[in-house]
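The chain contents come next:
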Amino acid sequence: MRQYEMMIILDPALEERTVQPSLEQFLTVVTSAGGTVGKVDVWGRRRLAYEIDKKPDGIYTVVELTAEPDTVKELDRQLNLNEAVLRTKILRLDLR
Amino acid sequence: MAKPPIRKPKKKVCLFCQEKVIRVDYKDTGLLRKFISDRGKIRARRVSGNCTQHQRDVATAIKNAREMALLPYTSTAR
Chain G
17 MRQYEMMIIL DPALEERTVQ PSLEQFLTVV TSAGGTVGKV DVWGRRRLAY
67 EIDKKPDGIY TVVELTAEPD TVKELDRQLN LNEAVLRTKI LRLDLR
Chain P
89 MAKPPIRKPK KKVCLFCQEK VIRVDYKDTG LLRKFISDRG KIRARRVSGN
139 CTQHQRDVAT AIKNAREMAL LPYTSTAR
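In the order they appear, the protein sequences are chains G and P. Numbering-wise, the first sequence is residues 17 to 112 according to our numbering. Numbering-wise, the second sequence is residues 89 to 166 according to our numbering.
It should be emphasised that the hints constitute simulated quantities derived from the structure, not laboratory data. Even for Gly, the Cβ is constructed at its ideal location relative to N, Cα and C. Please note that the accuracy of each hint is not assured.
[Stated by the list, open to error] So the derived label-pair ranges between C-beta atoms look like this:
| no. | chain 1 | residue 1 | chain 2 | residue 2 | range |
| --- | --- | --- | --- | --- | --- |
| 1 | G | Pro-85 | P | Pro-92 | 15 to 21 Å |
| 2 | G | Arg-93 | P | Ile-110 | 30 to 36 Å |
| 3 | P | Lys-122 | G | Asp-110 | 23 to 29 Å |
| 4 | P | Lys-100 | G | Pro-37 | 28 to 34 Å |
| 5 | P | Lys-96 | G | Leu-107 | 36 to 42 Å |
| 6 | P | Lys-91 | G | Gln-19 | 55 to 61 Å |
| 7 | G | Leu-97 | P | Cys-105 | 31 to 37 Å |
| 8 | G | Asn-96 | P | Lys-100 | 40 to 46 Å |
| 9 | P | Lys-100 | G | Gln-41 | 26 to 32 Å |
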């Protein structure tokens, strides 16, 4: 098990209040595989420094989680398949 | 030939060593903005005054932030 921090940029067309449920739905992959989800921080709509897919802004979310490396890989794969996700980044928290 | 006077620039102390930071967070754009020029380029160590290790950490943090569109790759401020 390792600690990760994941940042997800969601489509700005998404309703602000549907963000939380859809995030939970994504994260069921982690919980069903024995991992735990820590802090979920929704930054909300934020201007992008440059356009991604012609979109000037995005909904930023930061999630802390503990899971096996394979689980995280699977989560990332599923997120990238999802149309509502613009970009993701996973960093390990337990380095150094 | 008169030699130009030798200037001894004041030795800058690394900001992160002073604050005893162990991890440079790529999400802290306010802090990272201090280390990029108005064109969006990463400031050199001789300008930023960072130590080797922290300059490296700052550079990777900026690159991570760029990937997530928190900081610009280029900005045409001029």
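Hints, verified against the model:
no. : hint                                : result
1   : G:Pro-85 <-> P:Pro-92: 15 to 21 Å   : violated (58 Å)
2   : G:Arg-93 <-> P:Ile-110: 30 to 36 Å  : holds (31 Å)
3   : P:Lys-122 <-> G:Asp-110: 23 to 29 Å : holds (27 Å)
4   : P:Lys-100 <-> G:Pro-37: 28 to 34 Å  : violated (49 Å)
5   : P:Lys-96 <-> G:Leu-107: 36 to 42 Å  : holds (41 Å)
6   : P:Lys-91 <-> G:Gln-19: 55 to 61 Å   : holds (57 Å)
7   : G:Leu-97 <-> P:Cys-105: 31 to 37 Å  : violated (43 Å)
8   : G:Asn-96 <-> P:Lys-100: 40 to 46 Å  : holds (42 Å)
9   : P:Lys-100 <-> G:Gln-41: 26 to 32 Å  : violated (49 Å)
Checked against the numbered hints above, the structure violates hints 1, 4, 7, 9; every other hint is satisfied.
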